[in-house]
Amino acid sequence: MIIAQNVSLIYPDKTQALYDVSLEIKPGELVYITGPSGSGKTSFLKLLMGMEYPTAGSLSVLGQPMEKSNFGRIQILRRKIGPVFQEFKLIEGRTALENVMMGMRFLGIKPKQMREQAHEALEKVGLGHKKYSKVENLSWGESQRVAIARAVARKPSLILADEPTGNLDYDNAINILKLLKSFQKEDTTVIITTHATHLISNEQNATFIHVRNGRITTERRSVAV
Amino acid sequence: MKTFFYNIGYFIKETGRIIGLNLLSNLFSVIGTGLILFLLGLAVTGANIGNNLVDMLNEEAEINAYFSNDISLAGRKEAVENINKIYGVRSARLVDEEEAKTRMENILGEEAKILELFDENPFEAFVEIRINVDEMESILENVKSLDGIEFVRDNKDVLEKIKDITYVFKALGYLMIAAVGITTIIILSHMIRQGIYNNREQINTLRLLGSPGAFIGFPYVLTGILLTLLGGVLATVSVVFLIKTAYESIGNVILFIPMPPRKNLIDNMIILLPSLSFILGLSGSLFGLSSVRKK
Chain A
91 MIIAQNVSLI YPDKTQALYD VSLEIKPGEL VYITGPSGSG KTSFLKLLMG
141 MEYPTAGSLS VLGQPMEKSN FGRIQILRRK IGPVFQEFKL IEGRTALENV
191 MMGMRFLGIK PKQMREQAHE ALEKVGLGHK KYSKVENLSW GESQRVAIAR
241 AVARKPSLIL ADEPTGNLDY DNAINILKLL KSFQKEDTTV IITTHATHLI
291 SNEQNATFIH VRNGRITTER RSVAV
Chain B
3 MKTFFYNIGY FIKETGRIIG LNLLSNLFSV IGTGLILFLL GLAVTGANIG
53 NNLVDMLNEE AEINAYFSND ISLAGRKEAV ENINKIYGVR SARLVDEEEA
103 KTRMENILGE EAKILELFDE NPFEAFVEIR INVDEMESIL ENVKSLDGIE
153 FVRDNKDVLE KIKDITYVFK ALGYLMIAAV GITTIIILSH MIRQGIYNNR
203 EQINTLRLLG SPGAFIGFPY VLTGILLTLL GGVLATVSVV FLIKTAYESI
253 GNVILFIPMP PRKNLIDNMI ILLPSLSFIL GLSGSLFGLS SVRKK
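Residue numbers (our numbering), protein chains in the order written: chain A, 91 to 315; chain B, 3 to 297.
These are calculated hints, taken from the structure and not from any lab test.
Treat the hints with care, as some may be off.
As the list claims (entries may be wrong) - Quick list of in silico lysine to any residue cross-link-like pairs, SDA-like style, CA-CA up to 25 angstroms:
#1 Lys245(A) to Lys4(B)
#2 Lys200(A) to Lys165(B)
#3 Lys179(A) to Val91(B)
#4 Lys271(A) to Leu210(B)
#5 Lys4(B) to Ile205(B)
#6 Lys158(B) to Asp57(B)
#7 Lys202(A) to Gly11(B)
#8 Lys170(A) to Lys165(B)
#9 Lys165(B) to Val91(B)
Claimed, not checked - Between beta-carbon pairs, the in silico distance windows are:
#10 Phe30(B) to Arg205(A): 35 to 43 angstroms
#11 Thr145(A) to Ile10(B): 39 to 47 angstroms
#12 Pro155(A) to Ile10(B): 34 to 42 angstroms
#13 His219(A) to Leu37(B): 23 to 31 angstroms
#14 Val235(B) to Lys200(A): 49 to 57 angstroms
#15 Ala181(B) to Arg205(A): 47 to 55 angstroms
#16 Arg205(A) to Leu41(B): 43 to 51 angstroms
#17 Phe30(B) to Asn262(A): 43 to 51 angstroms
#18 Ser98(A) to Phe13(B): 56 to 64 angstroms
#19 Glu210(A) to His192(B): 40 to 48 angstroms
#20 Met91(A) to Phe30(B): 51 to 59 angstroms
#21 His192(B) to Ile100(A): 30 to 38 angstroms
Note that the Cβ used here is the ideal one computed from N, Cα and C, for glycine as well.
With these hints in hand, go ahead and build the complete structure from the sequences.
Next comes the structure, spelled out in structure tokens:
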């Protein structure tokens with residue numbers, strides 16, 4: 091599913107974000123990538139999304155080598171990924187429903203089915219009653235839920251959520267994590283980055299990868315008791 | 003392809019949104035494109051009228067071939083037949099001495115009595131040859147080489163001028179089309195780039211979600227085509243109105259210029275301007291998109 095071998099990432103301004111990262115994530119895993127701000131969590135997600143390319147080492151996502159020369163294929167790969175961006179990247183001037191449908195329009199789904207999937211996703215994140223609200227009129231938490239609905243409505247193989255608990259209070263953060271976890275299935279991997287380790291300390295059946303200064307410091311798997 | 007059909011409604015809605023986002027600027031673009039196409043319409047109409055005039059002059063282009071003294075009547079008729087067979091000759095007709103004299107009398111009018119001073123008809127029979135100006139040189143050579151033809155009056159200077167006028171009109175027409183085409187493409191591609199810049203956040207998000215470039219770009223292409231088409235319609239209405247008004251008010255005043263039928267001019271504009279605006283809209287949008295994509 092995801093195989094990273096000695097991956098390093100150096101940005102054009104010479105900032106080194108990741109050093110020699112090697113890991114393997116299997117299909118259907120729930121993975122938490124933790125670490126303080128600036129540790130390289132988001133950079134790793136950017137590599138998984140094809141927003142950046144490894145400057146050394148090799149990385150493959152869903153069987154696709156993440157190399158600049160493969161841009162066309164990476165663009166197709168992105169259709170199998172459900173990203174929840176830190177800043178949501180919702181399209182203003184559109185309703186929540188339109189935003190969710192926007193992520194599916196180019197997947198060859200029939201309009202009726204697309205609408206149904208979008209409705210279903212919005213219901214699932216608890217925003218069924220706000221589907222016709224413009225996204226700029228939604229609260230921070232609601233916007234985040236729309237972003238999650240957009241990510242999951244297209245039934246991706248890989249969900250990537252970047253700091254979904256960032257600006258939320260404890261209860262809302264727990265709810266969002268629960269929601270994201272609920273989409274983990276046999277064929278759907280969920281990767282969540284967070285610096286709030288206290289929120290996930292009791293998690294079971296998950297993989298924890300701790301990153302510090304661009305290096306993986308610990309990797310452990312917890313099993314259900 | 004099915005993605006395209008599933009999203010027709012979205013594309014139309016998106017096009018409306020892109021136009022609405024910068025309504026005033028787009029309105030000015032429509033007016034600007036309309037004005038440019040209007041100028042093109044005028045130039046093409048002018049060229050049509052000019053070409054019509056040139057065609058008429060061309061049809062009147064004529065050379066005269068004079069016989070040698072020893073030729074018989076049968077020989078004259080044979081020479082006319084042979085001239086008629088030459089490529090580029092529209093018609094060749096024998097004008098005998100009597101007709102030549104009558105023509106001169108008609109030209110001289112009251113002064114024709116001067117011809118009475120001659121004991122015999124001073125005019126010679128000749129062949130009146132209407133020709134295609136473009137083939138003038140080869141026709142002259144062929145006619146001169148025929149048996150029984152002694153001299154050819156070619157009116158070369160006048161015919162050369164007719165030829166030059168034809169080329170000038172054609173060159174002006176092509177230049178105008180090229181100028182309008184380039185200007186419209188520049189305006190439109192700039193407009194499309196502006197639209198893309200205004201929507202860069204949305205485009206970036208769609209890219210990150212895996213949207214193909216064609217899906218992202220299609221509403222912009224539609225926008226370009228729609229705006230230029232509107233400009234084209236505006237230009238067509240204005241040019242047609244102008245042609246109608248011109249024919250009604252000054253058509254009778256400038257009788258010395260043979261005008262082509264009004265319907266032909268109007269039909270030409272109704273076909274030319276909208277089709278051209280469509281082509282320009284499409285190429286301008288694609289050019290704008292490709293220049294953005296390179297970045």
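Cβ-Cβ distance between Met91(A) and Phe30(B): within 51 to 59 angstroms? Given about 53 angstroms between the Cβ atoms, the range holds.
Do His192(B) and Ile100(A) keep their Cβ atoms within the hinted range of 30 to 38 angstroms? 37 angstroms Cβ-Cβ, so the 30 to 38 angstroms window holds.
State, for the Cβ atoms of Phe30(B) and Arg205(A), whether the hinted interval 35 to 43 angstroms holds or is violated. With a Cβ separation near 37 angstroms, Phe30(B) and Arg205(A) satisfy 35 to 43 angstroms, so the hint holds.
Take the C-beta atom of Ala181(B) and the C-beta atom of Arg205(A), compute their distance, and say whether it sits inside 47 to 55 angstroms. 49 angstroms, holds
Check the hint pairing Lys179(A) with Val91(B) against an upper bound of 25 angstroms on the C-alpha distance. Outside the cut-off at roughly 75 angstroms; violated.
State, for the Cβ atoms of Pro155(A) and Ile10(B), whether the hinted interval 34 to 42 angstroms holds or is violated. 36 angstroms, holds
Need the status of pair Lys4(B), Ile205(B): alpha-carbon distance at most 25 angstroms? 21 angstroms, holds
For Lys158(B) and Asp57(B), compute the direct alpha-carbon distance and say whether it is at most 25 angstroms. 17 angstroms, holds
Keeping to a limit of 25 angstroms between CA atoms, is the pair of Lys245(A) and Lys4(B) held or broken? 19 angstroms, holds
Against the range 39 to 47 angstroms, how does the distance between the Cβ atoms of Thr145(A) and Ile10(B) compare: consistent or not? 43 angstroms, holds
So does Glu210(A) sit 40 to 48 angstroms from His192(B), Cβ to Cβ? 43 angstroms, holds
A range of 49 to 57 angstroms was offered for this pair. Does it hold for the Cβ distance of Val235(B) and Lys200(A)? 35 angstroms, violated
Going through the hint list in order, the structure does not satisfy hints 2, 3, 8, 13, 14, 18.
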